[in-house]
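Protein chains in written order, with our numbering: chain Z, 1 to 147; chain W, 148 to 294; chain U, 295 to 376; chain S, 377 to 458.
One thing to keep in mind: the hints can contain errors.
Claimed, not checked - BS3-like, lysine-lysine: derived pairs with alpha carbons at most 25 Å apart:
1. Z:LYS124 - Z:LYS137
2. Z:LYS137 - W:LYS221
3. W:LYS293 - W:LYS221
4. Z:LYS74 - W:LYS284
Said to hold, decoys possible - Derived CB-CB ranges, DEER-like:
5. Z:ARG22 - S:PHE439: 45 to 55 Å
6. Z:ARG70 - S:GLU395: 46 to 56 Å
7. U:ALA345 - W:ARG233: 54 to 64 Å
8. Z:ASP43 - S:GLU435: 47 to 57 Å
9. U:LEU354 - Z:VAL134: 17 to 27 Å
10. W:ARG169 - Z:PHE126: 16 to 26 Å
11. S:ARG447 - Z:THR39: 49 to 59 Å
12. W:SER205 - S:ASP440: 17 to 27 Å
These are computed hints drawn from the structure, not numbers from a lab.
Note that beta-carbon positions come from the ideal geometry of N, C-alpha and C, so glycine has one too.
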Amino acid sequence: MTVRVQQAAFDLGAEVQDFATRQTQAGAVVNFTGIVRDTAAGDLDRMEIEHYPGMTESALAAIDAEAIKRWELKDSLIIHRFGILRPNEMIMMVATAAPHRVDAFEAAQYLMDYLKSRAPFWKKEFTKDGAEWVEAKLADEDALQKW
Amino acid sequence: MTVRVQQAAFDLGAEVQDFATRQTQAGAVVNFTGIVRDTAAGDLDRMEIEHYPGMTESALAAIDAEAIKRWELKDSLIIHRFGILRPNEMIMMVATAAPHRVDAFEAAQYLMDYLKSRAPFWKKEFTKDGAEWVEAKLADEDALQKW
Amino acid sequence: MIDVLYFAWVRERIGLPKEQVETTAATVADLVAELKLREERYAAAFEDISALRVAVDQELCDFDTPLAGAREVAFFPPMTGG
Amino acid sequence: MIDVLYFAWVRERIGLPKEQVETTAATVADLVAELKLREERYAAAFEDISALRVAVDQELCDFDTPLAGAREVAFFPPMTGG
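Bound conformation, chain Z alone:
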């Protein structure tokens, strides 16, 4: 029920600790964190994430609202960065809190699946050989079918 779109890094440990400790109705907390991985060649200089200000926030809020409708969630959190990110930097995180673990797990997976293909972010990878837009994966589009 909190969505943050920001350029600045976030403190994963502090966010997860804060999210888990502020729950009073939920015994199950799930967190997913996405991290910038190097290319197979090991030559990634940076990733640049572009987004659509305004639509990004409303798309994430809509995905979050749908998750809250479908599962018994007591709380949720989405943080997604944009701008320049270096290898090993954290790109984004979602967290869900529910009375039962199945809801927390499924809602977190749902948020991730939709965020991958329905939130207006675009990634570009810069290596010494140049720059390339990351292509959307068919598997990510297919993942939406199961919901």
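Guided by the hints, dock chains W, U and S onto chain Z, whose structure is given.
Chains W, U and S alone, transformed into the frame defined by chain Z:
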């Protein structure tokens, strides 16, 4: 690939931060945290968790090893407490790291499903009315069928 | 007048992130047809429409969506969030 | 001699966490039958064997598991980890 069974509290934020930042091959990190929830009546004084020293560690290591065999995991962590826990204290956590989110999510769910029904822990809840052993849920036993 | 926005490689091919377009296009597809006639860079960006996604007033939609009352149309490749 | 361990309400009903048992029981079920004959508290603890789980040498197993070579047998209710 790390299993810790301990009486002491653990620092969730520090554990998750440390786990995520030490990954160099995995872009996807999933964490589940279990928290002591109050009874419906709101009168839980404490939970006491008994375990089977020796078997607990080997059972958790076996569950972990099976998860590593089934999914492409780069790292995993299981921490489970025993002894006296008060409402809102964290009971346990698992974390998984994988190149792809599906592996990280499924492995974490697998660890949780097995840990619920196949790791030798027993919970007893103490309220002002007395003490009761928490009964295993049929749904938790059924959850193992899907793996 | 409609604000037209471009993101990612669509923005790069067209060479600008946003412009105001005077149009009477009835649908998104009609707007695309108009833009393609403008210059080679537009024709290149819109060459394969199946590789593109579109949002009208910040909501994802299809290319046959009517533009009546729309203030903002955005074109971009499939999203890669997460 | 086998170490026999009890956990949770099995431990509470029998009144001790661990004991050494002199037995020639061939299987876990045979050992249970011997223990039930001892005293009322054992009979009560083992009354409904479907409510119990057993581990031989710290591995979960069935009640028809042979005890040849076993050093440790543990009885407990279904586990409630996590």
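Here is what the structure says about each hint:
{"no.": "1", "hint": "Z:LYS124 - Z:LYS137", "verdict": "holds, 14 Å"}
{"no.": "2", "hint": "Z:LYS137 - W:LYS221", "verdict": "holds, 22 Å"}
{"no.": "3", "hint": "W:LYS293 - W:LYS221", "verdict": "holds, 23 Å"}
{"no.": "4", "hint": "Z:LYS74 - W:LYS284", "verdict": "holds, 22 Å"}
{"no.": "5", "hint": "Z:ARG22 - S:PHE439: 45 to 55 Å", "verdict": "holds, 46 Å"}
{"no.": "6", "hint": "Z:ARG70 - S:GLU395: 46 to 56 Å", "verdict": "holds, 52 Å"}
{"no.": "7", "hint": "U:ALA345 - W:ARG233: 54 to 64 Å", "verdict": "holds, 56 Å"}
{"no.": "8", "hint": "Z:ASP43 - S:GLU435: 47 to 57 Å", "verdict": "holds, 48 Å"}
{"no.": "9", "hint": "U:LEU354 - Z:VAL134: 17 to 27 Å", "verdict": "holds, 19 Å"}
{"no.": "10", "hint": "W:ARG169 - Z:PHE126: 16 to 26 Å", "verdict": "holds, 25 Å"}
{"no.": "11", "hint": "S:ARG447 - Z:THR39: 49 to 59 Å", "verdict": "holds, 53 Å"}
{"no.": "12", "hint": "W:SER205 - S:ASP440: 17 to 27 Å", "verdict": "holds, 22 Å"}
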